[in-house]
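Please construct the entire structure, taking both the sequences and the accompanying hints into account.
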Amino acid sequence: MIYLLILVISVYIFLMIFFWMGFKKVQKANENSSIRKISFSIVVPFRNEAENLPNLLKSIEKLNYPSENFEVILIDDESTDGFRVASLGFRVLTVENERQSDSPKKDAIQTAIHHSQFEWIITTDADCVVPENWLLDLNNYIQQTNKEMVCGPVFFKNKTTFLHDFQQIEMITLQAVTIGSFDFDLAFMCNGANFAYSKNFFQQLNGFDGNSEIASGDDVFLLQKAVKQFPYKVGFLLKPDFQIQTNSAESWSELFQQRVRWAGKSKTYSSGFGKLVALTVFFANLAVVSSLFLVLFGFFEMLMLLILKVVSDLLLANQTARLYKIKMKNSLLTALVYPFFSSAVAVYSMFGKYEWKGRKFNA
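Take the sequence shown: its letter number 250 is residue 275 in this note's numbering, and every next letter is one higher.
Careful: at least some of the hints might be erroneous.
[Claimed, not checked] Under the rule of at most 16 Å between Cα atoms (straight-line distance), these lysine to aspartate or glutamate pairs were calculated in the EDC-like manner:
no., residue 1, residue 2
1, Lys184, Asp244
2, Lys87, Asp266
3, Lys224, Glu144
4, Lys50, Asp208
5, Lys83, Asp152
6, Lys224, Asp208
7, Lys258, Glu195
8, Lys182, Asp266
9, Lys258, Asp208
10, Lys182, Glu275
11, Lys50, Asp210
12, Lys224, Glu96
13, Lys182, Asp152
14, Lys62, Glu93
15, Lys352, Asp266
16, Lys354, Glu195
17, Lys83, Glu157
18, Lys253, Asp234
19, Lys62, Asp106
20, Lys253, Asp208
21, Lys49, Asp210
22, Lys182, Glu195
23, Lys350, Asp266
24, Lys87, Glu157
25, Lys62, Glu144
26, Lys49, Asp208
27, Lys352, Glu144
Derived from the structure by calculation, the hints contain no laboratory data.
Keep in mind that this is a model prediction, so the values were computed, not measured.
Next up, the structure:
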């Protein structure tokens with residue numbers, strides 16, 4: 026039993042070192058500005074987001090990019106809060122979602138692509154705020170690298186609660202793993218709130234065909250398809266201020282539901298490496314929970330392994346936090362709580378359902 030726990034945690038630590046090395050090798054985006062301006066269709070699926078959408082649109086209005094070179098397509102997925110778009114200095118199109126599958130969000134993106142007038146699609150969420158040079162940085166990166174799909178990071182807006190700190194550290198670690206996997210052409214995760222691709226490339230990949238029955242995963246499944254077929258066309262834009270800010274969950278129950286939704290996607294990953302990482306993380310967290318109980322019963326040799334596991338996590342996370350200038354608060358307490366939380370999420374996602382935007386789905 027003890028040897029099995031040691032093996033699992035050792036494999037996990039090796040993976041964290043692997044991602045740490047990959048992160049170090051990913052090149053930062055060049056600052057050179059391109060004269061030619063690519064045109065973007067910013068796609069925002071939403072459902073009852075009257076409170077958040079004005080903040081997103083206000084941040085888009087401040088973009089350092091010609092207004093004639095972008096449009097915003099808001100896809101309304103049966104909202105009931107009566108949101109109406111105010112007059113803005115750029116083109117905004119509000120369209121009703123055209124449901125065709127079991128995934129409202131994928132349907133929304135398909136609907137938006139059908140109505141878009143520009144070649145590049147960039148998706149974000151209604152509760153996000155975008156940086157001033159968001160499209161400018163993306164434009165420069167695309168022209169410098171000739172990528173057809175570009176991923177970027179998402180972090181949480183600052184709050185002063187342990188719940189927020191817990192989520193921020195988790196998100197920082199997820200971004201570190203995401204970035205670290207790109208250098209080895211093994212990317213399997215990205216965030217749809219900062220995700221861009223050309224329409225031609227989307228069509229070349231046959232869009233969401235093959236996973237339309239899964240409610241979420243509009244980002245990761247498309248990425249995994251792209252990496253499997255055309256890894257050289259996919260990139261991660263690594264630049265400190267190229268980051269989206271979003272809202273963290275306001276309660277532990279809301280966070281649990283969200284993480285069950287995320288965990289449910291891993292069961293249908295097309296990436297073998299992604300499945301390996303998901304299983305390793307799951308068993309490592311279970312091993313940590315078991316090891317903590319063993320330490321209580323006198324097996325103190327497990328304590329050093331647990332310390333090494335926590336150190337490997339924090340070193341990887343700290344690398345990302347330094348780059349994006351984010352403070353990691355309550356990191357040790359998070360490291361202790363997270364294995365219990367993550368294990369509960371993983372087990373529940375195998376059998377339970379989750380709620381998303383007022384609807385229930387199978388995990």
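16 Å Cα cutoff - pair Lys253, Asp234: holds, 15 Å
Agreement of Lys49 and Asp210 with the hint, judged by alpha carbon distance not exceeding 16 Å: holds, 14 Å
Satisfaction of hint between Glu144 and Lys352, Cα-Cα up to 16 Å: violated, 37 Å
Pair hint outcome, Lys184 versus Asp244 [Cα-Cα no greater than 16 Å]: Status violated; Cα separation ~27 Å.
16 Å limit on alpha-carbon distance, applied to hinted pair Lys224 and Asp208: violated, 24 Å
Proposed proximity, Glu195 with Lys258 (alpha carbon, max 16 Å): violated, 28 Å
Restraint status (C-alpha distance of Lys258 to Asp208 at most 16 Å): Holds, at roughly 13 Å.
Given hint Glu93 paired with Lys62 - CA-CA distance at most 16 Å: holds, 10 Å
Pairwise hint evaluation, Asp266 against Lys182, where the allowed Cα distance is 16 Å at most: With Cα atoms ~14 Å apart, Lys182 and Asp266 stay inside 16 Å; holds.
Agreement of Lys224 and Glu144 with the hint, judged by alpha carbon distance not exceeding 16 Å: Within the cut-off at roughly 6 Å; holds.
Pair hint outcome, Lys182 versus Glu195 [Cα-Cα no greater than 16 Å]: holds, 14 Å
Pair hint Lys87 and Glu157, alpha-carbon separation not exceeding 16 Å: It holds: about 6 Å lies between the C-alpha atoms, which stays within 16 Å.
Hint violations for this structure: numbers 1, 6, 7, 19, 27, all remaining hints satisfied.
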